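**Q** With chain V's structure known, arrange chain S on it following the hints.
The listed protein sequences correspond, in order, to chains V and S. Read in full-length UniProt numbering, the first sequence has 188 at position 188, and its numbers run on one by one without any break. Read in full-length UniProt numbering, the second sequence has 212 at position 212, and its numbers run on one by one without any break.
By construction, these hints were calculated from the structure, which means they are not laboratory data. Remember, predicted model here, so these are calculated numbers, not experimental data. Note that the Cβ used here is the ideal one computed from N, Cα and C, for glycine as well. Heads up, some of the hints might be wrong.
[What the hints assert, rightly or not] With beta-carbon atoms standing in for the labels, derived distance ranges: (1) S/Lys32 to V/Arg221: 32 to 38 Å; (2) S/Gly43 to V/Ile5: 49 to 55 Å; (3) S/Gly210 to V/Ile138: 54 to 60 Å; (4) S/Gly19 to V/Ala25: 35 to 41 Å; (5) V/Ile235 to S/Gly84: 53 to 59 Å; (6) S/Arg133 to V/Ile186: 38 to 44 Å; (7) V/Gly219 to S/Ser199: 33 to 39 Å; (8) V/Leu302 to S/Val134: 47 to 53 Å; (9) V/Leu243 to S/Gly84: 48 to 54 Å; (10) V/Lys236 to S/Lys32: 34 to 40 Å.
[What the hints assert, rightly or not] Derived list of chain S stretches under chain V, where covered just means 3 residues or more per stretch with a C-beta under 8 Å from a C-beta of chain V: (11) 67-76; (12) 131-140; (13) 204-214; (14) 234-240; (15) 255-263.
[What the hints assert, rightly or not] In silico contact screen, one side only, chain S against chain V (beta carbon under 10 Å); selected entries: (16) Leu123; (17) Leu187; (18) Ile190; (19) Ile229; (20) Val271.
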Amino acid sequence: MISFILRRILYTVPIMLGVSLVCFALVHISPGDPLVSILPPDASVELQQQMMAIYGFDRSYPEQFLRWLGRAVQGDLGNSIATGRPVASEVFNAVGNTLILAVTATIIGFTLGGLFGFVAGYFRDSWIDKLATAISVIGVSVPHYWLGMVMVIIFSVELRWLPATGAGPGGSSQWIWDWEHMQYLILPAITMSVIPMGIVARTVRALVADILQQEFVSGLRAKGLLDRGVLAHVIKNAAPTALAVMGLQLGYLLGGSILIETVFSWPGTGFLLGQAIFQRDLPLLQGTILVLAMFFVILNLLVDVAQTSLDPRLQRG
Amino acid sequence: MAVTAETIAPLATIEKSQGYWRSVWTRFLRDKVAVCAGLVAAGLVLMAIFTPWIAPADPLQGSMIKRLSPIGTEGYPLGADELGRDMLSRLIYGARLSLFMGVVPVLIAFAIGSTIGIAAGYLGGWVNTITMRVLDVLYAFPSVLLAIAISGALGAGILNGLLSLTVVFIPPIARVAESVTTSVRKLEYIEAAQASGASSLQIVRDHVLGNVLGPIFVYSTSLISVSMILAAGLSFLGLGVSPPNAEWGLMLNTLRNAIYVQPWLAALPGVMIFLTSISFNMLSDGLRSAMDVKQ
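Next up, chain S with everything else stripped away, as it sits in the complex:
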């Protein structure tokens, strides 16, 4: 019995660690929709990185006589905004702040939320109860309301926007982390590790993390789409990013008054928000089914 367990276990783990990621990758590649979404998302990220080389004009340089030029004006392929700035360039530059404001809160919340959740799940007992009850309070707010409450109290600004969105995403991520960790903690090999004298930190590092980070990560990627919409929404309300920066939500806000003059021009920034949000959403869906995470 002891011999078989010792000889089989290492073999099984090696085969799993190689085969698992390869099979995830093959399954992901077979999912045409997810691959397309991934390409679009990657394209948007590249666009944000290489902005100065792609954008035809300065996003902050306006021209009074070109104000609200329609789509297709010479030199302004997507028209000009209410201050005569090139729309195409502003949409391209907008990817920087918009993606930053959408993705960074989820990343920070992933780091903080999974730490809290894994600690609460692994330690259990009263630590778990108190942590989860405190998070329940934040969970009791609809996410839009909480984000607006915090950034409304703090006032406009990129940092305040990031902060409020991070606070919004910590409780749901911590909840998922806690439930995954609790279910892993009950497994026999954790008990075996405890019996063999491993410290809590060692067990979490060697045995828990590898099993829980995947599901938490997949869940977190599904929040990026929400975060993009919320972040742009904050700027749309005059919170978050402030003028004259190029950011899609803010652009929607300032162009809203021009809706009767150049209606379709005013709607353009929203197309970018929609494109980003839907591609991240479908990418996350594909990732989930490829990694076979059940929710």
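The following block holds chain V by itself, in its conformation from the complex:
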């Protein structure tokens, strides 16, 4: 087991290097001079060269990459062009808010999706199975940013039950787990939960149907075990894969929260990305994407390790 974990971590190192290379390249595929947004249009040639030297743009690409990587490892992601504040602290503040939203959405999506999928797989080909399948198809096909708008229209504009945007009264940025703040979380979290719900339902349905067809289930039944006992065995067998799917979905939500955060003006990493794109703030864009991608890589690693420790057969694969 330990050798498996070590091998898996070793495999992650080149992936992380590659991911940071892609993030580094983002600034350089961007059209135009990277300094254009800081320098005044009538800047002298000397000033331009001085700034190039300060930012290190006068060096070769490999050298620039290594210097950038070295600083990034130490937690220095440069300064935002728009605000002048360090990117790392901006991202750090935003990550907390995105986590609150994504974790809540994953829990809702996993609970409902798991339930739908389980019932559908257990009563295969019944009307409830068809309903669950329909819900999961809708869940993966719906443009979630539009679903968010529809939620706002129904619950904020028409019914006036819940606030439409923000993460707290008066635009407060400090998150507290009280009703005042939580009512801001309801709509974005439910909207976001639809994506993992569909996928989890689909996976769990297939898993349960597959497990029920295996020989050990007939064995258990033949042994005289009641349905409730069989159920426990099915859950035990489906859990590792279902949990792995949940972990990956959390990663996708963290990285893909930009559209929903934009709809609800939720002050997380996605909102930050939206700002960075709007203001063409490349260091902020680069830093946010690097942090989110690293989150995803590490989450993948954790999911693999957790899944393997729950189901040691996977080590061989």
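**A** Using the frame of chain V, we list chain S on its own:
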């Protein structure tokens, strides 16, 4: 032994090539949901092609006094948008750019991804290892994040949007292509072809392609729905298509400010995105079960 193999083999292939596609078609027709989805998808494509003949008005011609007219206004059956342009016409015209932005990246990624995947799968060895490790890096990004990262760095524009979505879809298609090709390459008839002196290119063309393109194609069609949502999402964020073009994601973006004035009007473009995405999704599901591709 040799005689039977020679006499049976050609017969078997002829029967398979005729019977296979016919049985796929019959199985597909029996699937009511997939047929309906296919009809809707075909309708949307036809709508995009024959737009000028269907749309009642000019999608770019606005009228200041008609701004944000509600659904059902005379002359504006689905209302008018924030610049007083006919909503119905814009939704119909929107099919062009929206379908284009959703389908084209998958087509290009299908061409590039399957070439990379088949080459890596057939050649095996270190070529395979290096190719797949490089793709793993792109795979390490959540797809939404990668699309937004690339088009965010490149800036708005149709070409930049197409480019970023294509890059997003190449790794998953190449992965599927590689795994299907690797499993076909191990089959005995490939070994037989190699032993009889056929070149790699000949083997890939005559024996591999026919067996791997089907599964790769079915997988790729399942990406169209994702691509539609992502492409419209890019325009929704102000990347991708830019105003005054009619595109569903962009329309959602510009109408978002009118959500308190004409809420349901603002939601209309999303209905089109949803309809397109779900019909392509169910069409692809039907295609998969008709072709009996296991995933």
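**Q** Hints first: check each against the structure and report whether it holds.
**A** Hint-by-hint comparison with the structure:
In this structure the hint that S/Lys32 and V/Arg221 lie 32 to 38 Å apart at CB holds, the actual value being about 35 Å. Range check, S/Gly43 to V/Ile5: about 53 Å between beta-carbon atoms, so the 49 to 55 Å window is met. S/Gly210 and V/Ile138 have their C-beta atoms about 36 Å apart, which leaves the hinted 54 to 60 Å range violated. Taking the beta carbon of each, S/Gly19 and V/Ala25 are about 50 Å apart, not inside 35 to 41 Å as hinted.
Judged by the Cβ atoms, the range 53 to 59 Å given for V/Ile235 and S/Gly84 holds: they are separated by roughly 58 Å. In this structure the hint that S/Arg133 and V/Ile186 lie 38 to 44 Å apart at CB holds, the actual value being about 43 Å. Against the hinted window of 33 to 39 Å, the Cβ-Cβ separation of V/Gly219 and S/Ser199 comes to about 53 Å, which falls outside the hint. Between V/Leu302 and S/Val134 the C-beta distance comes to about 24 Å, which lies outside the given range of 47 to 53 Å.
In this structure the hint that V/Leu243 and S/Gly84 lie 48 to 54 Å apart at CB holds, the actual value being about 52 Å. Taken as a hint, the range 34 to 40 Å holds for the pair V/Lys236 and S/Lys32, whose Cβ atoms sit roughly 37 Å apart. Counting residues of the segment 67-76 of chain S whose CB lies closer than 8 Å to any CB of chain V gives 0, so the stated coverage by that chain is violated, three being the minimum. By the rule of at least three residues with a Cβ nearer than 8 Å to a Cβ of chain V, the coverage given for the segment 131-140 of chain S holds, with 6 such residues.
Chain V is given as covering the segment 204-214 of chain S, and this is violated because 0 residues of the stretch bring a CB closer than 8 Å to a CB of that chain, at least three being needed. Check result for the segment 234-240 of chain S against chain V: holds, 4 residues qualifying (beta carbon to beta carbon below 8 Å, three or more required). With a cut-off of 8 Å between beta carbons, the segment 255-263 of chain S has 4 residues touching chain V; three or more are needed, and the interface restraint holds. Because the closest C-beta pair between S/Leu123 and chain V is about 21 Å apart, greater than 10 Å, the hint is violated.
This hint is violated: S/Leu187 has a C-beta 22 Å from the nearest C-beta of chain V, more than the 10 Å allowed. Of the supplied interface hints, the one on S/Ile190 is violated, with its beta-carbon coming no nearer than about 25 Å to a beta-carbon of chain V, more than 10 Å. For S/Ile229, the suggested interface contact is upheld, since its CB lies about 5 Å from the closest CB of chain V, less than 10 Å. Nearest Cβ of chain V to the Cβ of S/Val271: about 8 Å, under the 10 Å cut. The hint holds.
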